[in-house]
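Student: Protein chains in written order, with the numbering used here: chain A, 203 to 725; chain B, 71 to 497; chain C, 74 to 496.
It is worth saying that the hints were derived from the structure and are not from the lab.
Cβ coordinates follow ideal geometry from the N, Cα and C atoms, glycine included.
Hints should not be assumed to be uniformly reliable.
[As the list claims (entries may be wrong)] Where chain C lies over chain B, by a calculated footprint (3+ residues, C-beta under 8 Å):
1. 135-147
2. 204-213
3. 290-297
[Unchecked claim] The calculated BS3-like cross-link candidates involving lysine-lysine, where the alpha carbons are at most 27 Å apart (straight line), are:
4. A/Lys571 with B/Lys350
5. B/Lys184 with B/Lys316
6. A/Lys692 with A/Lys679
7. A/Lys260 with C/Lys456
8. C/Lys495 with A/Lys257
9. A/Lys586 with B/Lys350
10. C/Lys456 with A/Lys317
11. A/Lys578 with B/Lys350
12. A/Lys402 with A/Lys522
13. C/Lys456 with A/Lys257
14. A/Lys257 with C/Lys273
15. A/Lys450 with A/Lys434
16. C/Lys456 with B/Lys303
[As the list claims (entries may be wrong)] Only part of the chain A face toward chain B is listed, based on derived beta-carbon distances under 10 Å:
17. Asp469
18. Leu551
19. Phe569
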Amino acid sequence: MPPVLELRGITKYFPGVLANDAIDLSVEKGKILALLGENGAGKTTLMNILYGLYKPDKGQIFINGEEVSIHDPSDAIARGIGMVHQHFMLIPVMTATENVMLGVEPIRNGIFLDKARVAKRILEISKQYDLEVDPQAYIGDLPVGAQQRVEIIKVLYRQADILILDEPTAVLTPQEVEGLFKVLRSLVANGKSVIFITHKLKEVLAIADTITVLRSGRVVGTVNAKDASQEKLASMMVGREVNLVVRKKPASPGAVVLSVKDLYVRDERKNLTVNGASFDVRAGEVMGVAGVQGNGQTELVYALTGLAPVVSGGISIMDKPVRHSSPRDILERGVAHIPEDRQRHGLILPFPVRDNLVLCTYYQPPFAKGLALQQKVIIEMAGKLVDQFDVRTPSVFVPVSTLSGGNQQKVIVAREFSRPIKLLIASQPTRGLDVGSIEYIHNRIIEKRDEGTAVLLVSPELDEIIALSDRIAVMYKGKIVDILPAAKVKKTFLGLLMAGVKPSEALQEAPATTQETEVERVF
Amino acid sequence: MNAKATQTNPEGSAQKEAPKSEGKRRQVPRFFQVLLVPALAILTGFIIGAIVIAVSNDAVIAAFQNFFHAPSAALAATWKAIATAYGALFSGSIGSFTEIYHGIQSYYATGDGKPFLLAIYPFTESLATVTPYILAGLAVAVGFKCGLFNIGAEGQFGIGALCSAFVGYSIHGLPWFIHLPLALLAGAAGGAIWGAIPGFLKGLTGAHEVVTTIMMNYISFRLSDWLLNGPMKATGYRPLTPVIEKSAMLPRFFPDPQRFNWGFILALAMAVFVYWFLFKTTIGFEIRSVGANPDGARYAGMNIVRNFVIAMTLSGALAGLAGTSQVLGIDHWVGQGFSAGYGFDSIAIALLGQSHPLGVVLAAFLWGTLRSGATRMQSLAGVPLEIISIIQGLVIVFVAAPAIIRWIYRIRAISTQTIVLTRGWGK
Amino acid sequence: MTTNLVQKNEKKTNLRNRLAAGILLLVAGLAIILLFGLNNKPGLYTTFRLTPQGDKNVIPIPDLVLPVQPAIYILAIVAFFVGGWQLARGIRSTGILAGVVAFCFVAAFLIWAARDNSMDLVGMMNTSLVRATPIALAALCGVISERTAVINIGIEGIMLVSALASVMVATLMHNLYAGLIAGMLAGMIVAGLHAILCIKFKVDQIISGVAVNIVGTGATSFISNRYMQVHAEQLNNSGVFPNIPIPLLVKIPILGPVIFENNLIVYLMLILVAVIFVLLFYTRWGLRTRAVGEHPKAADTLGVNVYLTRYVNVILGGLIAGVGGAYFTIGSVGRFDKLMTAGKGFIGLAAMIFGNWNPIGALGSSLIFGFADSLQVKMQILKTPIPSEFLQMAPYIVTIIVMAGVVGGVHAPAADGTAYEKQ
């Protein structure tokens, strides 16, 4: 019997980049194939080609042994391919039913939408595969896990046989991940095939039947899950031995630099997302904030940096309350901020590198005298920073938008670190970066810590938190549920806390610390 | 998906070794490219304008009804119609070179400057027309730089004109060096207030400036109707203000009827000022940051509301000065419908000049000379003035959509910065 | 304890809002007395006619006669009472508050303005509806275009072109219906150009809209000067759609003469509002339209053709704006004059925003603008001491206030104004 799906020699160029290079891949019926690779290895590109969102430059696609061409998503849907995207393709202001029916709407009385029929079918599917969903609920009101279930129902409603899940666990707690795996197992038991895209080794070993590893757009190899080990997969994925831990001296914490008390913050949709968070960060330590995305970390950082108004509670930096301070006041108190979304907040993309390097200090001497900008000084300083921080750019005059993601991030780091700072707030500082840049930025952060800067690190990557932090605060539903020393913390214990299990109950299920420190990959 | 990161240069590409002169070497074609699209846009606008002129010409249509018998006559009629119209447009805006030559000759021969002055009259008249266009174009350009679309230049122009006229005719007995600056300031202040209101509303409530500035336009029209028929009306039947005092007039370079005046120098000075302000000062840096990425600007500690207000106030002041320069330098009084058309013209100029002060000055030259020649075209060739509006709208389309121009002329695309204004309503 | 703190904070802001709204109401009550309640001679009456004069279709009902001074005091007292209630207890719906204040103020103004005189109230309401027609059509065009995330500020230009096209064709063919169809087609063509610029060439939607306005005004003024005014008899003299009373319905008191005795275009507007409302929220087209406006990528991944949906909607919007354009010529005066749309397209956009991108809401806010417009005409007839220019400003000032006041409370389609880029 031919494989359900086979890709041969798929090649895709983006301007200046070969994203997929002659990729071969095959999926058997009723099996789970894991597509493993680092960020930027070309996994998502490949799946977008399969789903008809991108056009491949070369290559063939076979379904059940028959060659097909897929021009757009409706072709893919017609061939029984369904995709659950990393960023959910759901419309928040519509109900689950409306989202599921979009594109394949049943009609009654000639023109009217038949929502009742769809709702009934949703309940059937949800029963069959154990996917609990309220068809009448608005997507915007649902938690992330439920939104993902709607996405899966959406695919099953279209009677897909091949399901592609793109980084489905990125937004889930370890416990929700278990739930998802259960669903996946029941799917394959019902004869569906699954392609599971991820960069997390453990998950791959837990769920996949076969594993195909991608590295910089090429297939490195395909192995059976039974024969694979974490170490082997890691070296296939990265291609060289990498430093698995960040080397750092023990911290020597000093005075409290940032103190947060009973903080309440609303998000853009006016929901209270930070719900009474309290914690301190001391000079010379890294405080990591662990938590599943969407538990108020973003709003916490916005409130600390003055970008979002505080509903109530106190923030003080170096003993001065800054609750009502503007972003500028906070910057001037010696706070550096590496923002979560570097292109939205951290940079003015059309501006030259030079201007982005003085984005927070352009008005201060020596960069300005009165109203007049001192271009010469700025250019000189920019040149120095570019050298010092190894920013790869043809000159300081090119728009920062022409730089790679890693170099853009280095521009931000260079800018923030070039000021005298007391507190560094780093929000997902390595998101979407390559290994080299990640290592570089991690080392720089530790360097700052050792200089006596207080560091608040927010990241959904548990491994990054564990590797960098001295203490870890776990955030759940806008609250800091527990603060633990990072040295010997057990990942499963953190996972339980992140899922909302109370610390006392979590202790019964898993030990808080281990004797031997786990050697984890950093990314 | 990591396309954003991968689209840009991969790590450690050859660029690292690239010498710094690389950036300079590229600037020549880039500069050329910046000019190429607007130039072709103008050319295309004129070609389509020519077609409209030909099609709307009775003689051409008559000749084409006879096309199969006398094709050359039809083509000749077409050519004649277009040549007459554009010829009149040219001579009305620049003048005749032979007459200028004769003027110079007669000046050297007889010492009489009058023929020369007469010969350059169309050109100086064009320069006089260009003056308010430079200022109004700068007004819109400043808004663009802050990410704001000021469609209200027309209203600000009118209010500025009324304010300066009021100061100009109501105060008597002041020396010119007090009265003239006072009148200029009044005009700028009037426009500034008219522009600041939408700026405030945008910053504080998110009311979209496109709608509010348009509404401010209509309010200013009604206000000026009322003022011109009531409080500010001169004695007589027509709704006009009194003539301003001599001491408030912008001095003219040549004797009457040449209206070319110091307003032109003022406009050029303002262009230099705007350049300095936008590119060499901290406030300009902030305004451009807010325009390019408001979220990033907020992150960097800039006050968005304040920058909206500053940009709209400056924009309004420049538009007000445009009206002022027209009153104090050219008309010396204000009548009904005084500001008509300046709003959209200034948008076209700012777009054509790519929101850069130098570009704006060049675009304003083109626009002013066209407008100035159009009257002559209407009287000599019988082509309605509005043909200019059609050409103008087309030029805007082509400048805003370089893709069309590239598609027509098969030019390869380069990445130039495109203007993005739309951020939805009230965000 | 901490949640209490939050609640306390919330309460504080609520209290502040409540106080502000209450004080505003009291000020409105005071304004009613100060502006309209003083210096009225006692014993004056205002007559509101509820039956149009000389209209044989309508069953006459008696006029509403109000004593000026007491009526104004009562309205002021109502405003005071509501304000006091607001201060003491708080009223949840700001809509109700705004409605009450607006009603009291406007009613007091009307009674004062028409004192010792009579005013054709039904006629004025009818004029409001008629004057709201082009605004509502423009708003409707905006709604279905922006629901797919294409901003169209070129409606003004579209309406000018279709106004000209409809009167020209109607005059040439001696057929008003042909004119209406020509107006629709012209609207579709111009909107189609906007769609191509925005969707295919990815021109900034606002710039494209401005260009459409400039070319639209330029071209229509050109043609008007060159042909329409010169050959007015042959080209620019179509006559207008007559008023058609709807049998039976027209006999309903007040409502009949206001709604059911209008011309084809007014009826068409009302039907379009209802139809578009149903289509938008209860059909496949509507679901897809809304999806494309909220999250085009999601719609695309489900096989909805984003570009096609946008083209269809923008062009359909052009058709509706075309009807609006036809109103100006064959729907009201029977001839074209340059710039005759006088900003109605832009006011329509404000009505669309005020109406929260909902057809019914758009009609409601258009009626407010229509009312302001008809009020100004009536006031000129009644010779109130307020200069007519200031009354003419009213709709524009209302628009600004509405834009500034409601923007926070409305929800634009999430992707509004952004081009969709397919890889």
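Student: Indicate, hint by hint, whether the structure satisfies it.
Tutor: Against the structure, the hints:
1. Only when three residues or more bring their CB closer than 8 Å to a CB of chain C does the claim for the segment 135-147 of chain B stand; here the count is 0, and the claim is violated.
2. With 0 residues having a Cβ less than 8 Å from any Cβ of chain C, the segment 204-213 of chain B misses the three-residue criterion, and the hint is violated.
3. Evaluation of the coverage hint for the segment 290-297 of chain B: fulfilled, as 4 residues show C-beta separations to chain C shorter than 8 Å, against a requirement of three.
4. For the suggested pair A/Lys571 and B/Lys350, the alpha carbons sit about 11 Å apart, so the restraint of at most 27 Å is met.
5. A C-alpha spacing of about 24 Å is found between B/Lys184 and B/Lys316, which places the hinted pair at or below 27 Å, so the restraint holds.
6. Simply put, A/Lys692 and A/Lys679 have alpha-carbon atoms about 21 Å apart, close enough for the 27 Å limit, and the pair holds.
7. At most 27 Å may separate the alpha-carbon atoms for a hinted pair to count; A/Lys260 and C/Lys456 exceed this at roughly 79 Å.
8. The suggested pairing of C/Lys495 with A/Lys257 holds, with an alpha-carbon distance near 10 Å, which does not exceed 27 Å.
9. Annotation: proposed proximity of A/Lys586 to B/Lys350 holds, straight-line Cα distance about 22 Å (limit 27 Å).
10. Taking the CA atoms of C/Lys456 and A/Lys317, the gap is near 57 Å; set against the 27 Å cutoff, the hint is violated.
11. Simply put, A/Lys578 and B/Lys350 have alpha-carbon atoms about 11 Å apart, close enough for the 27 Å limit, and the pair holds.
12. A distance of roughly 42 Å separates the Cα atoms of A/Lys402 and A/Lys522; the hinted pair therefore is violated under the 27 Å criterion.
13. For the hint linking C/Lys456 to A/Lys257, the alpha-carbon distance of about 70 Å lies beyond 27 Å, and the restraint is violated.
14. Only pairs whose Cα atoms come within 27 Å are accepted, and A/Lys257 paired with C/Lys273 is accepted, the gap being roughly 19 Å.
15. Between the alpha carbons of A/Lys450 and A/Lys434 the distance comes to roughly 26 Å, so the proposed pair stays at or under 27 Å and holds.
16. A hinted pair counts as satisfied when its Cα atoms are at most 27 Å apart, and C/Lys456 with B/Lys303 qualifies at roughly 22 Å.
17. Nearest Cβ of chain B to the Cβ of A/Asp469: about 15 Å, over the 10 Å cut. The hint is violated.
18. Interface restraint check: A/Leu551 against chain B, minimum CB-CB distance 7 Å, threshold 10 Å, status holds.
19. Proximity of A/Phe569 to chain B holds as hinted, the smallest CB-CB distance being about 8 Å (cut-off 10 Å).
Against the hints set out earlier in the document, violations occur for numbers 1, 2, 7, 10, 12, 13, 17.
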